[in-house]
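S.K.: Given next are the chains, with one letter for each unit.
Number of protein chains: 4
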Amino acid sequence: MPDKTLAELNSCSKADFVAALANIFEYSPWIAEQAAEARPFAGVTQLFEAMRLVVEQAAPGRRLALIKAHPDLADKTRQGDELTAESNAEQNSVGLDRLSEAEYAAFDRVNNAYREKFGFPYIVCVRRHTKDSILRDFARRLPNDATAEVATSIAEICKIAALRTDLLVSGEHPLKVHGRLSTHVLDTHSGRPAAGIAVELTELSDLGTSRVIAQAVTNHDGRTDVPLIGGRPVPIGRYELTFSTGSYFAARGVPLSDPPFLDVIPLRFSVSDPEGHLHVPLLVTPWSYGTYRGS
Amino acid sequence: MPDKTLAELNSCSKADFVAALANIFEYSPWIAEQAAEARPFAGVTQLFEAMRLVVEQAAPGRRLALIKAHPDLADKTRQGDELTAESNAEQNSVGLDRLSEAEYAAFDRVNNAYREKFGFPYIVCVRRHTKDSILRDFARRLPNDATAEVATSIAEICKIAALRTDLLVSGEHPLKVHGRLSTHVLDTHSGRPAAGIAVELTELSDLGTSRVIAQAVTNHDGRTDVPLIGGRPVPIGRYELTFSTGSYFAARGVPLSDPPFLDVIPLRFSVSDPEGHLHVPLLVTPWSYGTYRGS
Amino acid sequence: MPDKTLAELNSCSKADFVAALANIFEYSPWIAEQAAEARPFAGVTQLFEAMRLVVEQAAPGRRLALIKAHPDLADKTRQGDELTAESNAEQNSVGLDRLSEAEYAAFDRVNNAYREKFGFPYIVCVRRHTKDSILRDFARRLPNDATAEVATSIAEICKIAALRTDLLVSGEHPLKVHGRLSTHVLDTHSGRPAAGIAVELTELSDLGTSRVIAQAVTNHDGRTDVPLIGGRPVPIGRYELTFSTGSYFAARGVPLSDPPFLDVIPLRFSVSDPEGHLHVPLLVTPWSYGTYRGS
Amino acid sequence: MPDKTLAELNSCSKADFVAALANIFEYSPWIAEQAAEARPFAGVTQLFEAMRLVVEQAAPGRRLALIKAHPDLADKTRQGDELTAESNAEQNSVGLDRLSEAEYAAFDRVNNAYREKFGFPYIVCVRRHTKDSILRDFARRLPNDATAEVATSIAEICKIAALRTDLLVSGEHPLKVHGRLSTHVLDTHSGRPAAGIAVELTELSDLGTSRVIAQAVTNHDGRTDVPLIGGRPVPIGRYELTFSTGSYFAARGVPLSDPPFLDVIPLRFSVSDPEGHLHVPLLVTPWSYGTYRGS
Chain A
1 MPDKTLAELN SCSKADFVAA LANIFEYSPW IAEQAAEARP FAGVTQLFEA MRLVVEQAAP
61 GRRLALIKAH PDLADKTRQG DELTAESNAE QNSVGLDRLS EAEYAAFDRV NNAYREKFGF
121 PYIVCVRRHT KDSILRDFAR RLPNDATAEV ATSIAEICKI AALRTDLLVS GEHPLKVHGR
181 LSTHVLDTHS GRPAAGIAVE LTELSDLGTS RVIAQAVTNH DGRTDVPLIG GRPVPIGRYE
241 LTFSTGSYFA ARGVPLSDPP FLDVIPLRFS VSDPEGHLHV PLLVTPWSYG TYRGS
Chain B
1 MPDKTLAELN SCSKADFVAA LANIFEYSPW IAEQAAEARP FAGVTQLFEA MRLVVEQAAP
61 GRRLALIKAH PDLADKTRQG DELTAESNAE QNSVGLDRLS EAEYAAFDRV NNAYREKFGF
121 PYIVCVRRHT KDSILRDFAR RLPNDATAEV ATSIAEICKI AALRTDLLVS GEHPLKVHGR
181 LSTHVLDTHS GRPAAGIAVE LTELSDLGTS RVIAQAVTNH DGRTDVPLIG GRPVPIGRYE
241 LTFSTGSYFA ARGVPLSDPP FLDVIPLRFS VSDPEGHLHV PLLVTPWSYG TYRGS
Chain C
1 MPDKTLAELN SCSKADFVAA LANIFEYSPW IAEQAAEARP FAGVTQLFEA MRLVVEQAAP
61 GRRLALIKAH PDLADKTRQG DELTAESNAE QNSVGLDRLS EAEYAAFDRV NNAYREKFGF
121 PYIVCVRRHT KDSILRDFAR RLPNDATAEV ATSIAEICKI AALRTDLLVS GEHPLKVHGR
181 LSTHVLDTHS GRPAAGIAVE LTELSDLGTS RVIAQAVTNH DGRTDVPLIG GRPVPIGRYE
241 LTFSTGSYFA ARGVPLSDPP FLDVIPLRFS VSDPEGHLHV PLLVTPWSYG TYRGS
Chain D
1 MPDKTLAELN SCSKADFVAA LANIFEYSPW IAEQAAEARP FAGVTQLFEA MRLVVEQAAP
61 GRRLALIKAH PDLADKTRQG DELTAESNAE QNSVGLDRLS EAEYAAFDRV NNAYREKFGF
121 PYIVCVRRHT KDSILRDFAR RLPNDATAEV ATSIAEICKI AALRTDLLVS GEHPLKVHGR
181 LSTHVLDTHS GRPAAGIAVE LTELSDLGTS RVIAQAVTNH DGRTDVPLIG GRPVPIGRYE
241 LTFSTGSYFA ARGVPLSDPP FLDVIPLRFS VSDPEGHLHV PLLVTPWSYG TYRGS
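Residue numbers (the working numbering), protein chains in the order written: chain A, 1 to 295; chain B, 1 to 295; chain C, 1 to 295; chain D, 1 to 295.
Okay, chain A solo, but in the shape it has when bound (with noise of 0.2 Å):
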C-alpha cells in the first residue's frame, strides 16, 4: 500500500515533501528539491514527470553523481548494510539475494568489467528483469560508448525511480508501471473452461536453478482467481507455465491411455514487454492442445 496520498505532498511542506520523495532518486534529494516549485500536481503521473524533467535538465556532472550514487548489483559485501532499503527489496525481488556461487561470480564480473569501462556502477532497473535478462542486458550494454551508457543509465534510473514513486504515492493519474500475465484453460473435449486444474509457473534460468513464482488451481471460468503476474512489471525473461491436465480428464472419467498421453503439459514462453499485458491461454483435450499469445 501507498504510504503517502497525492494530496498531502501538494498541501505539506517542502521539507516533508522532499524528505517524503528523498529516496525516489538514490541518495539524491535535490531532484525533488527542484520538483517541488511545480506543485500543485494533478496526478502521479505528473509528478513523476515534474522530477524526470529535473534530471533531464541537470547538469552533466550532476547526472554522473547521481549515476555514481547507485550500488552495484549483487554487492554481496553491502548488502543488509549500506544499500536504501528500495534498493535492497528491488535487488531481492529479483533473486539477487539468493544468487548461487556462479550467479554470484557471473554478476560480479559484470560490475567489475562495467565499472572498469566506465567509471561507474552498471544499473537497470531490476525490477523489470530476471537474472538472465539482466546479463543479456549487460552484454549488450557493455561494447556502448559512455555517451550512450549514461543516456541508458539515467533512463533506468527513471524507470526505478517510477516504480519507486508507484509504491510510495497514491492518487489520481497512476503511472502504468505494472503489466499482467495470466492465463485460461479452456476445455475442447467438453466445451467448457476447465475448472480445477493445477497451474504452476517457474522462472527458468540458464544460469543458476530456475524458480516456482507463482501456483494456482483454475477456477470454474477456467482462469485464476488472481494474474499470475499482476500489480508489478512482469520481468523480461523466460518462463515455463505447466498445466496438471491428466489428473483433470481422469478425475472427470474421460477414457485415457496409460500412461496418459498428456499429464502435465509445459508451455515455454518469453516475456519482453515488462509493462504489457500477456495472456497465455491453454486450448486443451486429453489428445492435443494449443496456446498462442492473447492479450
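Possibly wrong hints are sitting among the right ones.
Identical copies carry no separate label here, and so any pair may be met within one copy or between two of them.
As the list claims (entries may be wrong) - Derived SDA-like pairs: lysine to any residue, alpha-carbon spacing no greater than 25 Å straight-line:
hint	residue 1	residue 2
1	Lys68	Ala106
2	Lys4	Glu275
3	Lys176	Asp221
4	Lys159	Ala42
5	Lys176	Arg192
6	Lys159	Ser257
7	Lys176	Pro260
8	Lys176	Ser257
9	Lys176	Asp258
10	Lys4	Gly231
11	Lys117	Pro60
12	Lys159	Pro260
13	Lys176	Pro193
14	Lys68	Arg109
15	Lys176	Ala195
16	Lys176	Asn219
Just so you know, the hints here were simulated from the structure itself, not pulled from any lab data.
Once you have looked at the hints, place chains B, C and D on chain A.
M.R.: Just chains B, C and D now, with coordinates in the frame of chain A:
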C-alpha cells in the same frame, strides 16, 4: 541385420535349428527342439507361434523353470558375466547398464522384494520399456498372486522371445514387434512445411537423469529423414520433444519480440503402445502453436 | 427502455398495477390481480415469480383458458389486427411477419395439425427461437399427449411473460432472460488482436431464406464494440459467422497466394441455450485457422 | 488411359507420328512434323519439350496463325460441331457446356471484347481453371498490349498441349501436369482418425451456381480412399469442403448440445497452384476445430 534366413532354418538339420534358436528363450533349448517338429514354417511369425505353443503347452514345472532361468534385472554382479549376450544387450538398451546409484538401489529393491514374494525373478520385456515404466510395472505387479505372475512372466518372456526372433531371423510374415515415433513441423505463418528446425527427443525420468535419445533437423517436407524412433518398439514412458522454432523464424526475417515469445518449444507426452505408430506434429507461428496425437 | 419502475408498481393502486401488467399474460388480467396481493416486491424477479405462482396454482380450467387466449403462430389473417401489440412484436422479431409462401404454408400446417390434435393453439416463446427451431420444436411436441402439452404450453407462456416483464419493468433483481453471442479475432500471424476485420452474422434457415442479422468491424482489441447479439435471448438456431480475413492480411502487406488461400472464413454453429453466453472466437493466419466454443 | 506409348511414337513412321500428335496443337500438324526430326525421345517430357521448341522458334506469322486456330471459349454455335474433340472435352470439363444464361452472356462479352481488341480469340488452358477464375484471368489480361497477349496465348497453348500430350502418350518421364487436393479428419476428442465422416467438395461460383464436384466418406485412417481431386490439375478457384461431424459424434455417443454446436463444418478456401499438392485437414471435437494448408 538378422543372421539367419527362414529358408535356412527350414532346411537345416534339427541340431543346427536348435543351436540357432537356443537363446530365443533363455537357457531353454527344449523349446526350439519341440518346435522343430513343425517345420517347415511359412513365415517368421509362424516359427515364433510354434515356439510359443510349446511354451503354452509345457507342464507347470517346466514353465516355472523357464521363468527361473532368467536373470535379475540390473543385477550388477552378473553383468557381462553370466548373462546371455541377448539379456545383456536388452538390459543395456534401456539404460540398465548406466544406472545411477539411486536407480540401482531402486531396481535392487524391486528384484529382492519380488523374488522374496514369488521365489522367481521379476521379468519384463525391457525393450518395450523405459526405466520409469519398469518401476511402474513392478509396482503394479507386486500385489498380484503367484498364478497371475506366472502367467504375466510367461507373457513377458514371449514378448522378449518375439523381439529376439525378429532380430535373428529374416523371412516372410515378419513379426509385428516394431513401433514408430515421428514428427512433422508445419509453419502456419508462411503456410509451408518448416525446413531446418532442430528437433531433440528426450526420454524423461522421474528417478534418474533424463537422456537425449534422438536429434534431427527437419527436411524440406517438415519431417525428419528417419523416424525419431523406428524399427523397434517405442518404449513405454514419458518423453519431451523440443523444437528450435525461434532461430528458424529469426533466420527467415520474421519480426519477433526480444526475447522471442517462443524460442524452444517443448512437447511433453507419454507412449503407451510400443508397437503403435505415434505421430506428434507441431503447427507453429512465432506467436502460437498446437499439437495433437496423430497416426 | 422499460416503461415502469418496480417502485411505481409497488406503490400504485391495484387497478393501475393490474392495468400495467395486463398483457404480461395474454388477455388474462386475473393473474396480475391475484399477484397484486403479494406487493411489495423486492425485485423484478420476485414480481414475476408471484405471477408465475398464480398461474401454477390456478385451476385446470383457468390454465386451459390462458392457453386458448393465445394466437396462432404466423396467422396472417390476424396480424396487425386482433393480436396484442406484444404478440405482434414478438412474432415479428423472429421474422414471422416476413414468411415466404413455403414458410407460411409450413407454419399453417403446424398450427392446424396441433390445434386439431389438442384443441388449443401451438404456443412457443418465439423470442427464444428462429423459424427453423420453431418447426423443430413443433415436430417434437406434436406426438406428446395433452397433459404434457398443457404443461409445456404453460411453461412457454411463462417464458413469454418473463420476457415481457423484463421489457416492461425496471428495478432490482432483474430477470435472467438475456443471453449473449460474441466473437474475437486473434491474428496469430502477427501475435496481435486483429483490428478492422469485417464480421457478418447470418441466421441460417433450411426452409426459407437465410438472413443477415448483424454486421460489425473488429476494434483494436479484435472484438466487436457491442456483442453480435445481446440484451435479449440468443435465438435457438443455426448461424454462420463470416470473417473477411483475406482483405485484412492483404492490407497489412502479408504475402498471400493469388487468389488468397483463405478469404472469407465461415464458422457455422448452433445456439442451444438462449440465455447463455456464447463466445465464438477466430484464431487466424493466412494459412490456418481455428475456433472453439468459449464463454 | 493414354492411347499411345512413347515407344510406338519413337519407332513409327513420320506420317503416323504426325497423325497421332496432330491435335496436340489445335489444327497445327506442322509442329509435330518438325518435332519428329528429334526422335527418339527419352521420355514424354522430352517429346513435349521438342514440340514446344518448334512453337517457340516459329516465325511470328505462324505463331499468330496457331493462336487464331483456336476456338472461342463457350461459343455455343460451334459446340459439338467444328470444335476438335479435344477442345470440346476440355471446355466441358470446366462446365462450359452447362453455362447459365448469365454465365453464357458473360463469356460471350469476354470473347467479343478480347477478339475486338486483339484480333484473335481469348485462349486459356481451361482444365486449370474454374469458370470464375477464367473471368478473373480475362479481366487481368484485357488491359495488356498485343505483344504481351501473344506471349501469354502461346504459353496457355503450351499448357493445353502439355495436358493433351499427357492424356495421349504414356512412357518414361511423364509431364508434371497433375495436382492433388486431399483431406484428413482427426478426431481430437478421442485422439483417433475420424472414420465414417461424410465429406463433400463444392466448387463455388460468384457468377453462376456452385456445384458439388466430389463426395466421399473418410476411411479408418480419417482420409478419403482417393484424393478429392487427383490425376489432373486442380482448377484455380474457390471451394467449400464440408464435413458432417455432428452425426459422427452423435453416433459415437458423445454428449452434445441440442442442436449440436457443430454439425456440418464448412472450410472455404482457394486453389492457386493447379499442379501443387494441397492438403486441407480438419482437427475436430464437438466444440472446436481447426484447419491449415498442409502439403
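S.K.: For a quick check of understanding: which of the numbered hints are violated here, in increasing order?
M.R.: Checked against the structure, no hint fails, so every one of them is satisfied.
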